[in-house]
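In the order they appear, the protein sequences are chains A and B. Using our numbering, the first residue of the first sequence is number 47, and each one after it goes up by one. Using our numbering, the first residue of the second sequence is number 422, and each one after it goes up by one.
Derived from the structure by calculation, the hints contain no laboratory data. Mixed in with the good hints, there may be bad ones.
[Said to hold, decoys possible] Examples of chain B residues lying across from chain A (beta carbon under 7 Å, computed):
(1) L494
(2) S495
(3) L499
(4) S531
(5) I536
(6) F542
By construction, the Cβ of each residue, glycine as well, lies at the ideal position given by its N, Cα and C atoms.
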Amino acid sequence: MTIPSPAASPTFWASIGMMAAITVFSSAGEVLMAAAMKSVGDLDLVRARTGLSGAIRAVVTCPPFFAGVAFLALGFFSLLFALNHLPLGLVAPTAASLPLVLNALAARFFLKENVDRRRWISAVLVGIGVYLLAH
Amino acid sequence: MAHPRLTSRQYLILALVAICAPLGDSCLDRGMTRLPPITLAHPGALIAAVFTPWVAAGIALLIGFFASYLTALSWADLTFVMPATAFGNMIVELLARFWLHEAVSLERWSGIILITLGVGFVAQGPASTDRSTPFLEAEPAEEQLR
Numbered sequence: 047m048t049i050p051s052p053a054a055s056p057t058f059w060a061s062i063g064m065m066a067a068i069t070v071f072s073s074a075g076e077v078l079m080a081a082a083m084k085s086v087g088d089l090d091l092v093r094a095r096t097g098l099s100g101a102i103r104a105v106v107t108c109p110p111f112f113a114g115v116a117f118l119a120l121g122f123f124s125l126l127f128a129l130n131h132l133p134l135g136l137v138a139p140t141a142a143s144l145p146l147v148l149n150a151l152a153a154r155f156f157l158k159e160n161v162d163r164r165r166w167i168s169a170v171l172v173g174i175g176v177y178l179l180a181h
Numbered sequence: 422m423a424h425p426r427l428t429s430r431q432y433l434i435l436a437l438v439a440i441c442a443p444l445g446d447s448c449l450d451r452g453m454t455r456l457p458p459i460t461l462a463h464p465g466a467l468i469a470a471v472f473t474p475w476v477a478a479g480i481a482l483l484i485g486f487f488a489s490y491l492t493a494l495s496w497a498d499l500t501f502v503m504p505a506t507a508f509g510n511m512i513v514e515l516l517a518r519f520w521l522h523e524a525v526s527l528e529r530w531s532g533i534i535l536i537t538l539g540v541g542f543v544a545q546g547p548a549s550t551d552r553s554t555p556f557l558e559a560e561p562a563e564e565q566l567r
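Make the full structure from the sequences, and use the hints.
In structure tokens form, the structure reads like this:
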């Protein structure tokens, strides 16, 4: 097996594109997953009514669930691609913190969640906190 | 605004969300670093790695995380569950400091404090959006902060 030569350093815009891909795909996956679970309803109640197999069936027969898994997979492969081209010190904090803020925006506009001032402050604080931990 | 309190079972689910992911990642890390380097020339070694105790425990914990995460999303908002997932990072840092006696930098302590504040903020509010009132007529944020 031959070892490939290291890739040339990506341009500024290519780096931004990689970061954006990680953030957008991950957030899309999370939002679709949340939408799927909202449409299924309280899983504890579903399980009490139909048993564990019924709860699993309710989740895996929900189309947005598979779309969510597909986007999360795309986010994961974008992360691997970015790690192959960019330093970990740049990729890890971005991948850990930016989706938190984008998720809050997406939850407000797509899931119609009531993202009040408290939740915005929380998303920003947690985003900065995770950035500092991952840095 | 009065909002329904979470049950002890729901708090347990949120605790599992917070704990399972970082513990699972730690188990995978520990399991994989103990193995000899795996190359694409021997993909069977990767499959064999799945059945080693640490890696198997890591996978089981990550499955537990995913199940509890989906359960939490079925009765709570995404913006309520998200901080719980980040809370796990804080637990790992505290374990690293007080159990493994690793040095934690000022930058990381700042991160821990910010995550704690963020989780504290969101935990005081309702877990899910009240769908009985039209979205645009929802209570203003100033009212909910009181």
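Each hint, compared with the structure:
1. L494: holds (4 Å)
2. S495: Since chain A brings a Cβ to about 4 Å from S495 of chain B, closer than 7 Å, the hint holds.
3. L499: holds (4 Å)
4. S531: For S531 of chain B, the interface hint holds, since the closest Cβ of chain A sits about 5 Å away, which is under 7 Å.
5. I536: Interface hint status for I536 of chain B: holds (4 Å vs cutoff 7 Å).
6. F542: holds (4 Å)
Every hint, counting from the list given before, is met by this structure.
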